[in-house]
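Protein chains in written order, with our numbering: chain A, -16 to 345; chain B, 1011 to 1418; chain C, 4 to 168.
Careful: at least some of the hints might be erroneous.
What the hints assert, rightly or not - In silico lysine-lysine, DSS-like type, Cα no more than 25 angstroms apart, as pairs:
no., chain 1, residue 1, chain 2, residue 2
1, C, Lys72, B, Lys1344
2, B, Lys1285, B, Lys1252
3, B, Lys1388, B, Lys1413
4, B, Lys1417, A, Lys11
5, A, Lys12, B, Lys1417
6, C, Lys59, B, Lys1385
7, B, Lys1182, B, Lys1125
8, A, Lys217, B, Lys1413
9, B, Lys1030, B, Lys1087
10, A, Lys11, A, Lys100
11, A, Lys12, A, Lys100
12, A, Lys11, A, Lys96
13, B, Lys1030, B, Lys1093
14, A, Lys96, A, Lys10
15, A, Lys10, B, Lys1417
16, B, Lys1110, B, Lys1125
17, A, Lys11, B, Lys1413
18, A, Lys5, B, Lys1252
19, A, Lys137, A, Lys254
20, B, Lys1388, C, Lys59
21, C, Lys82, B, Lys1363
22, B, Lys1135, B, Lys1087
23, B, Lys1078, B, Lys1139
24, A, Lys254, C, Lys165
25, B, Lys1059, B, Lys1089
26, A, Lys137, C, Lys165
27, A, Lys100, A, Lys254
28, B, Lys1132, B, Lys1089
29, B, Lys1344, A, Lys254
30, A, Lys12, B, Lys1344
31, C, Lys72, C, Lys82
32, A, Lys217, B, Lys1417
33, B, Lys1078, B, Lys1089
34, B, Lys1093, B, Lys1182
35, C, Lys165, C, Lys82
36, A, Lys10, A, Lys100
37, A, Lys10, B, Lys1413
38, A, Lys137, A, Lys10
39, B, Lys1110, B, Lys1059
40, B, Lys1344, A, Lys5
Since the hints were made in silico from the structure, they are not lab data.
As a plain string of letters, each chain reads:
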Amino acid sequence: MASPVTSVRAWLDERFHLDEFKALAQKKKVPIHRYSYWYFLGGMTLFLFGVQVLTGALLLLYYRPGADEAFESVQFIMTQVQFGWLIRSVHSWSANLLIFMAFAHLFSVLFLKSYRKPRELTWVSGILLLFLMLGFGFSGYLLPWNTLSYFATKVGTEIPAQIPIIGHPTLLFLRGGEEITGSTLTRLFGFHVAILPAIVTLLIVIHVGLIQYFGMSVPPGIEAEWAANPAARKEIRFFPNFVLRELMAWYVALGLLGALAALFPWSLGVKADPFGSAPAGIKPEWYFLFMFQTLKVIPAKILGMDGEMLGILSFGVVGAAALLLPFLDREKPFNTRRWISGIACVFLGYMVAMTVYGWVAK
Amino acid sequence: MLVVVAWLFCIGTLLSAQSKNSCLECHSNLPEPLGVSVETYSQNIHGQKGLTCAACHGGDASSDDPEKAMSRSAGWKGKIERKQIPELCSSCHSDAEQMKKYNPGLRVDQFQQYKTSVHGIKWAKGDAKVAVCTDCHGVHDLRAPSDPRSNVHPTNIATTCSHCHADAEYMKPYGIKTDQFANYEQSVHHDAMVVRGDLSAPTCTTCHGNHGATPPGVASVTNVCSNCHVFQAQLFQTSPHKDAFAAMGFPGCVTCHNNHAIQHPTDEMIGTGEKAVCIRCHTEGDAGFVQARAMHDQLESLQSALTASEEILGRAERQGMEVSQPMLQQGQAKDALLKARVTVHAFRDSEVKRDTDAGLAVTRQTHIAGEQALKEWKFRQVGLGLSLVMIALTLVGLGFYIKNLEKK
Amino acid sequence: MSSVPDASASDASVVVPSAPPDLPRRRLVNILLGTGLLASAASFLYPIVRYLAPPKLPDLGGDAVLAAKVADLKPNTAKTFRFGTRPGLLIETAAGEYRAMSATCTHLGCTVQYRPDLREIWCACHNGMYDLNGRNISGPPPRPLEAFEVQVRGDEIFVRRKQEA
């Protein structure tokens, strides 16, 4: 058979020993049990990130960073560029879905305990990726330079300024000056399209590489079941069986993104006026809302210390705890495993509650 | 000790700067009509500048002895008669040298003006009912006109004039109407001045003059209105109405717009409808009637085109389409309509047509933009539907493929 | 998720037609899948390809607008031009300097004009006056006219918004 596919294959095989790759690919298995659906979330997050990279690159062809051009260029994309509205709205919606998926992936991994030895570094790289995704969200939000994004960034950068000692330098670093100006836009643009992508790419390679190396984790309960009854163990091949199923999920996601972009196009807003007053009830995007709302409800003074600063420091503590979670999960001297699930559950509930509260509050 | 001395020194200097006003010390304790409270006089601009009661009433304000203070030899005039007031005030206020010492920017021709006014002419003939200085400016609590509490502050002038001019009984001997204030209260100028606080809006004195108050004659009414409504006046001067009105002795602007009860004009005022002013003179068949109808139709057409464009753009926006550019463009059409409503005063429909045509050109474009936006929205929904069908197809295909794959 | 025993022994990714009754069905599925993949890929690629082609209209904002040619204006004259969707006023002063500003009166939005006799900018609607820098000097306008930047390149006069920091 001299079909084109076969001849190309043969050509590559002479140079790259495709069979070795094939064998490697065949080896990867995905365990099947009642929690297996959660395995989709990681790939979905990666897929949505891919959508962001693609739509982001396309937007870069027409976007102009700069206080006097940014808004107009986004308006241009939405009104003049063919399907510009689609690319932009998909980018905005996918950003939100991506962050949601990242959180969902995090919590599913947490509750299924996939962070246990030997996968600690996979977890750590994952948490870092989450922080970077939030960084993407924060930096990207300012780029359309409309009223909402201007003031959301203003409020958002004021929060880390409360941290003692490093607070003000952090503010200067984020804003490129004391106030939000065109310099802020340039700086955050640089983060959004160059610096963060570079770091994230590296981390993704590490994260996915580690997953390949260690294989898929099985939750402790299932592991115990299978240890007791080896015949119950089920697995399917990653290539092509699991990949085909993931493809289905990704197609559903694509359809959802298209529908959201067409039915609920992302609004342009009004061009930012730095001398104008902040709109009433200004709040950050939903994924920062729980922190924002926490700081709003925290009392001014707690045990004689500044409430807001304590709030911010507590975020730092929670972040550090999340990062180091695998090392906090131990059986000696104290069995923390059950506690971790419980605390995580409470924290998840808190995040959801505060997000809803922040959303409905005036 | 030093502090007490310093304090006493300050008070002392203060008191001496304010010359002693013995009159007030007694009269502030007397009942009306002889009583003038310290508080009242403290509002008086003359008092604030250091003038005592003696400045107007004569006498010796430095003496605590009533005999000496109110002695004729010291120049005490007692109660000032109404008809003496203008000349009394003018004894300082027409003296440039004197006034320079207090406020070099003040005019000194008020009395001159007054003598040319209806009030002044009647006063000269001995009429004691007409307004003299104090009737408008106040007496013992006389404030500067720039003070919002002054009777002659722009926001209060109409009310001050109305004290006489709205009093039918008082005005009986003069045979003029007393409905001006009531009419003015309904007007757009009153709304601007008193309600919205726009001090540049006209009040009684703006058109009639303050000290030289004389109602504008028929011929000069347009001059008065044209101070602000420049363009309308210029157009009127070139219009067929100018000579026609002059021939019939009709005043310019007032004939259609009223003098005191100036309402906000509407498009209904022009044309041949029942609210139109044109049909007061013009009848079916005459050239003016035809023009009036034409002008009305032109304004109507632009207004309805504007509304139609706004409606379609609003719909497009609510569906999430980006129509900020055409919405901005609508402003140009609104400008054209504003201009057309001014051009009406040329009373030639060809002139009005130029402006409405310009506006209609814009509304045509914005309406098309709205239609395109709605079409685009439909296109997007169709596109979405198609791609969802493709996706569904693929999903079904994948599902079966996987099933087949794993059947083995 | 279907529970399928591990099939690593055979190469399950290659479709081998087995019993004839399965063949038409398998073919159908493949065609279905192929069509679906192709069609959906087309529906993703079509917008992207269209997107890459630049639109016909010049872009909005940021760039300078060609307001007039140098020859169009003489000293102490002015020209109204389109700036985005709003009118702009370009003046050549008696001294030969160019001034450009928004021509939308800040009172009630009428379009202002240059008065060569007064050497000021005048609004016909309510007699508002502005000086040559756009400052409101008399009449109802509450705010100055927004001033623009003028750039002369060769024989063309360009106007653009004042650049922010």
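Status of the hints after comparison with the structure:
1. Lys72(C) / Lys1344(B): Roughly 29 angstroms separates the two Cα atoms, so the pair is violated.
2. Lys1285(B) / Lys1252(B): holds (23 angstroms)
3. Lys1388(B) / Lys1413(B): Between Lys1388(B) and Lys1413(B) the Cα gap is close to 37 angstroms, so the pair fails against 25 angstroms, i.e. violated.
4. Lys1417(B) / Lys11(A): holds (20 angstroms)
5. Lys12(A) / Lys1417(B): It holds: about 18 angstroms lies between the C-alpha atoms, which stays within 25 angstroms.
6. Lys59(C) / Lys1385(B): At roughly 20 angstroms apart (the allowed maximum being 25 angstroms), Lys1385(B) and Lys59(C) satisfy the hint.
7. Lys1182(B) / Lys1125(B): With Cα atoms ~23 angstroms apart, Lys1182(B) and Lys1125(B) stay inside 25 angstroms; holds.
8. Lys217(A) / Lys1413(B): Holds: Lys217(A) and Lys1413(B) sit about 17 angstroms apart, inside 25 angstroms.
9. Lys1030(B) / Lys1087(B): holds (19 angstroms)
10. Lys11(A) / Lys100(A): holds (19 angstroms)
11. Lys12(A) / Lys100(A): With a Cα-Cα distance of about 19 angstroms, the restraint between Lys12(A) and Lys100(A) holds, given a limit of 25 angstroms.
12. Lys11(A) / Lys96(A): holds (20 angstroms)
13. Lys1030(B) / Lys1093(B): Measuring from Cα to Cα gives roughly 29 angstroms; hence the hint is violated.
14. Lys96(A) / Lys10(A): holds (24 angstroms)
15. Lys10(A) / Lys1417(B): holds (20 angstroms)
16. Lys1110(B) / Lys1125(B): holds (23 angstroms)
17. Lys11(A) / Lys1413(B): holds (20 angstroms)
18. Lys5(A) / Lys1252(B): The given pair, whose Cα atoms are some 98 angstroms apart, is violated under the 25 angstroms limit.
19. Lys137(A) / Lys254(A): holds (15 angstroms)
20. Lys1388(B) / Lys59(C): holds (22 angstroms)
21. Lys82(C) / Lys1363(B): holds (23 angstroms)
22. Lys1135(B) / Lys1087(B): Given that 25 angstroms is the threshold and the Cα spacing comes to 23 angstroms, the pair holds.
23. Lys1078(B) / Lys1139(B): violated (34 angstroms)
24. Lys254(A) / Lys165(C): Answer holds: Lys254(A) to Lys165(C) is near 15 angstroms, not above 25 angstroms.
25. Lys1059(B) / Lys1089(B): holds (22 angstroms)
26. Lys137(A) / Lys165(C): holds (24 angstroms)
27. Lys100(A) / Lys254(A): The hint is violated at about 51 angstroms.
28. Lys1132(B) / Lys1089(B): Roughly 22 angstroms separates the two Cα atoms, so the pair holds.
29. Lys1344(B) / Lys254(A): Judged against 25 angstroms, a Cα distance of about 23 angstroms means the pair holds.
30. Lys12(A) / Lys1344(B): Violated - the C-alpha atoms of Lys1344(B) and Lys12(A) are around 69 angstroms apart, more than 25 angstroms.
31. Lys72(C) / Lys82(C): holds (10 angstroms)
32. Lys217(A) / Lys1417(B): Satisfied, since the Cα-Cα distance of roughly 16 angstroms is no more than 25 angstroms.
33. Lys1078(B) / Lys1089(B): Given that 25 angstroms is the threshold and the Cα spacing comes to 17 angstroms, the pair holds.
34. Lys1093(B) / Lys1182(B): holds (20 angstroms)
35. Lys165(C) / Lys82(C): Measuring from Cα to Cα gives roughly 19 angstroms; hence the hint holds.
36. Lys10(A) / Lys100(A): Holds - the C-alpha atoms of Lys100(A) and Lys10(A) are around 22 angstroms apart, at most 25 angstroms.
37. Lys10(A) / Lys1413(B): holds (21 angstroms)
38. Lys137(A) / Lys10(A): violated (51 angstroms)
39. Lys1110(B) / Lys1059(B): holds (13 angstroms)
40. Lys1344(B) / Lys5(A): Roughly 70 angstroms between the alpha carbons, so the hint for Lys1344(B) and Lys5(A) is violated.
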